[in-house]
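2 protein chains.
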Amino acid sequence: MKPIVLLLVAVASVASLVAFTTTASRQPNGEAAPIFGIKIFPRYRDWRLVSVAHEEGTLNDLRAILGNDIAIKAYREGKLPFPDGAIIARLAWSYVPSEENDKVFGRRQSFVPGPQPEWYLQFMVKDSKKYAATGGWGFAQFDKDGKPADETKLRTCFPCHEPIQARDFVFTQYAP
Amino acid sequence: MKPIVLLLVAVASVASLVAFTTTASRQPNGEAAPIFGIKIFPRYRDWRLVSVAHEEGTLNDLRAILGNDIAIKAYREGKLPFPDGAIIARLAWSYVPSEENDKVFGRRQSFVPGPQPEWYLQFMVKDSKKYAATGGWGFAQFDKDGKPADETKLRTCFPCHEPIQARDFVFTQYAP
Numbered sequence: 001m002k003p004i005v006l007l008l009v010a011v012a013s014v015a016s017l018v019a020f021t022t023t024a025s026r027q028p029n030g031e032a033a034p035i036f037g038i039k040i041f042p043r044y045r046d047w048r049l050v051s052v053a054h055e056e057g058t059l060n061d062l063r064a065i066l067g068n069d070i071a072i073k074a075y076r077e078g079k080l081p082f083p084d085g086a087i088i089a090r091l092a093w094s095y096v097p098s099e100e101n102d103k104v105f106g107r108r109q110s111f112v113p114g115p116q117p118e119w120y121l122q123f124m125v126k127d128s129k130k131y132a133a134t135g136g137w138g139f140a141q142f143d144k145d146g147k148p149a150d151e152t153k154l155r156t157c158f159p160c161h162e163p164i165q166a167r168d169f170v171f172t173q174y175a176p
Numbered sequence: 001m002k003p004i005v006l007l008l009v010a011v012a013s014v015a016s017l018v019a020f021t022t023t024a025s026r027q028p029n030g031e032a033a034p035i036f037g038i039k040i041f042p043r044y045r046d047w048r049l050v051s052v053a054h055e056e057g058t059l060n061d062l063r064a065i066l067g068n069d070i071a072i073k074a075y076r077e078g079k080l081p082f083p084d085g086a087i088i089a090r091l092a093w094s095y096v097p098s099e100e101n102d103k104v105f106g107r108r109q110s111f112v113p114g115p116q117p118e119w120y121l122q123f124m125v126k127d128s129k130k131y132a133a134t135g136g137w138g139f140a141q142f143d144k145d146g147k148p149a150d151e152t153k154l155r156t157c158f159p160c161h162e163p164i165q166a167r168d169f170v171f172t173q174y175a176p
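Chains A and B, in that order, are what the protein sequence lines are. Our numbering puts the first residue of the first sequence at 1, with every later residue one more than the last. Our numbering puts the first residue of the second sequence at 1, with every later residue one more than the last.
Simulated from the structure, these hints should not be mistaken for lab results. Owing to the predicted nature of the structure, the values given are computational and were not obtained by experimental measurement. No false leads were mixed into what you were given.
Since copy identity is lost for identical chains, a pair holds within one copy or between any two.
Below, in silico cross-link-like pairs of lysine to any residue (SDA-like), each with a Cα-Cα straight-line distance of 20 Å or less: (1) K153 <-> G106; (2) K153 <-> A32; (3) K103 <-> Q173; (4) K73 <-> R48; (5) K129 <-> P34.
Construct the complete structure from the given sequences, taking the supplied hints into account.
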């Protein structure tokens, strides 16, 4: 092979390796989050939609909140507290303008998901016995490479959710 | 019953009737959209997430884009053009600040879905033969009561999607 072809092959190989590592690292057999012992759930990206949101400020993201079957059923039936086994996932993407969309709309107005931010993924897992000390919920947070947040960070989750005790400590409401 | 109780019962009955009517009207046995003959698909709210977005301007909404199994598979495999049978749904909600969330964050930054806007629901349906004149896609739009948009409105869909022919006329990309 000519040097340029060799170089292209090398670049392509590194690119696929990086792509594979990134994908693989967000698999469920990764590291568990501290305190609550939660790992990334398999196929969470297939869960159904609870709602969407936009956070300004330092977060500056667009987010989707998904639920497993138990969570979605409870949401739709307005059932509180959530039953054991309910899991809610929060996915976030950086908030970027879409020039492509804006061109069609004829003005700057469209914002879409960009790259994943540092803290891409969060879970709330309902287990009223195991997580009795934190309202029956276990909390987990993973970065875009699938690495869990440390104990100090996870200890901040429940205090923030405490004000919303009336809705079983869950902020997100179901978008009809 | 005392008059005040009677009044409350009457108000509650009207409220449930309105709630029932609103839910029932978005069922799949409603009116078909003109030109393309598309009705609201059963269980579209159970479809998996493609992406999310925020539109400013007169739309001023938060939106979720969902796909049926054929569409999600094509998106994940990066397969273009989309195969026949792929359906993409766009759901929108008005863009409202969440005081509840802002209180926890300590600043105004959180925006969540409010009531459904007038044009709550859109579909793109791939059928390369049936919809050959419009890039293989049929378009439908329904208001929050499940009533389809008229012919004049639907004729504006494809011209807007034409610039994005390179991605088979679909603007929304899959959020990883």
